[in-house]
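Residue numbers (the working numbering), protein chains in the order written: chain S, 1 to 332; chain Y, 1 to 332.
Hints should not be assumed to be uniformly reliable.
As the list makes no split between identical chains, a pair holds if one copy fits it or if it spans any two.
Stated by the list, open to error - Restricting the straight-line Cα-Cα distance to at most 20 Å, the calculated cross-link-like pairs of lysine to any residue (SDA-like) are: (1) K172 x D84; (2) K46 x R89; (3) K167 x E200; (4) K149 x L202; (5) K291 x Q225; (6) K33 x R182; (7) K168 x S260; (8) K168 x T104.
Read the hints as simulated data drawn from the structure, not as lab findings.
2 protein chains.
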Amino acid sequence: MTHRHDILAIGNAIVDLIAVADDDFLLRHKVHKGAMTLIDEARAEKIYAAMGPVTMASGGSAANTVVGAAALGAKTAFIGKVRDDELGRGFTHDIRAMGAHFTTAPAVEGPGTARCFVLVTPDGQRTMNTYLGACQALGVADVDESAVKGASLVYLEGYLWDPPEAKKAFRKAADIAHAAGRRVALTLSDSFCVDRYRDEFLQLIRSKTVDIVFANESELHALYQTADFETAVNLMREDATLAAVTRSEKGVLILTREESHAIPAFPVDRIVDTTGAGDLFAAGFLAGLAKDAPLAHCARLGAMAAAEIIQHIGARPETNLAAMAAENGLAL
Amino acid sequence: MTHRHDILAIGNAIVDLIAVADDDFLLRHKVHKGAMTLIDEARAEKIYAAMGPVTMASGGSAANTVVGAAALGAKTAFIGKVRDDELGRGFTHDIRAMGAHFTTAPAVEGPGTARCFVLVTPDGQRTMNTYLGACQALGVADVDESAVKGASLVYLEGYLWDPPEAKKAFRKAADIAHAAGRRVALTLSDSFCVDRYRDEFLQLIRSKTVDIVFANESELHALYQTADFETAVNLMREDATLAAVTRSEKGVLILTREESHAIPAFPVDRIVDTTGAGDLFAAGFLAGLAKDAPLAHCARLGAMAAAEIIQHIGARPETNLAAMAAENGLAL
């Protein structure tokens, strides 16, 4: 049977408010550079008042991945919770405008649509301050069983462990997917997120609740609590069916029990804003996987999509990724 | 006496919603490529529903200029009308975050903050569809006499001729500025805008209500209704005290009765979105003028600021323009 969607993702539905900031600003406001920190509404107001002029774009890690994969030609769907407010309508417009299927009912009461205040330092690093807002209302009722069954791959973000009910939605989706013979992928999201939920993430991987793991180097080190890269890689190879370890300018390592592929980073002219690099790697990789491309091809597509995203502000593609793939011999 | 501000601008306070679109989209929706078209709320909804994922950033021609000039170290102020809604608060945050003085009282009733739906085609051209909303509430009462008197240069956008009351604010500001011995600058804004208000614009220039004129080639041709560039240039030289004619990749021509300077375009790697090119040229030029830099230096600064803006989506700088100026020997 053909799948209704190649990739169904569940994640936090967030709008990004992005501003340039210097390291001094991060120090003054005591935000941890390079990390994603959860903040409450009062702190959100304070950071917004202090930050520079804002570029606003829809974000959310798994949502960025879905949009990127759609730009590469994948049929995608997203489950996530917005409020029925201006930001929520903007998020909904943007993800649907890329052709992604998004029908999760918005919250009609409670906190507003989630906002992530992204501070981009001159070195291109991004530091994220997330007010989860309406994302906290995501629950098992939002997981549409037929949509999960109808997707070739289910993709889940580690950040879903932060809102209280979302992890139940995550587990429900994984169970439905496996019962239907689908594969489930997880991104570890952030090293601090791994610190918060290490045991649960390891259990998810070891129990094969997830089949495919995305991690960057610091997340991998955090997961296995080792500073030695080889040790961590070997442990991941033991635990995961398939893993992609992204290493910034060092490229990416694809691991299975049987094979490993080291794929170089895609060349970039100038790094402007690394927001979404991991999300877009996953987009390219999963778009390839859904079309049964060889692992090395999938990884190259991911590296290309990540390279596009870090050369401008924001985590949604500004270039025709499918055309870029074709130009680089990576068409699916 | 020292001026409170180097540049005070009056313009439409607009938030840009920017999306990539192909030429086919423009044809289907019958929008005139490269132009700024005024639309009503119903059409705004229709275009938004059809357009791709959106990057949102504060815009408005003169407001972009003020922000760009502030980024180059000029002390700036802005007069323009938003509504007391989410977009209006965003516009206010952004312009103040650049250090521009902005205290125009927001409208508390009537239409919402103005929106410009910017469609960027793969060739980097932008096509604008503007819903003026709250801008239509700008009037003479909003022109703060002491602020105008205290500014070295007053900058006005031709688009102010569109909302019914704003031209009165424009004339009031010009009168106050001249009575205080200040210079007044005008951008012709858009060739269709020139078509709408040709006689009035010519009268403003010939009566010396404005001292400095910014025009691109098509605006210049529209103003003098001639296809011959030399003819148009000679007419402008007769009429204006000082004029800057921007010519995209052909650079810029600076004209006075006595001198003319042809300044080449600043090199760019890749044109992504030309939105704001003219606005940022004016920013650099006026920032230089306010510091009494030579005309050629002012023009080079303008060309540099324009080159920065066309290499990314949106009309607000993403690079530290003052540092860029210093690196290129153009520090003020």
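We went through each hint and held it up to the structure:
{"no.": "1", "hint": "K172 x D84", "verdict": "neither (25 Å within a copy, 43 Å between copies)"}
{"no.": "2", "hint": "K46 x R89", "verdict": "between (24 Å within a copy, 14 Å between copies)"}
{"no.": "3", "hint": "K167 x E200", "verdict": "within (10 Å within a copy, 64 Å between copies)"}
{"no.": "4", "hint": "K149 x L202", "verdict": "neither (25 Å within a copy, 67 Å between copies)"}
{"no.": "5", "hint": "K291 x Q225", "verdict": "neither (35 Å within a copy, 57 Å between copies)"}
{"no.": "6", "hint": "K33 x R182", "verdict": "neither (37 Å within a copy, 46 Å between copies)"}
{"no.": "7", "hint": "K168 x S260", "verdict": "neither (33 Å within a copy, 71 Å between copies)"}
{"no.": "8", "hint": "K168 x T104", "verdict": "within (16 Å within a copy, 49 Å between copies)"}
Checked against the numbered hints above, the structure violates hints 1, 4, 5, 6, 7; every other hint is satisfied.
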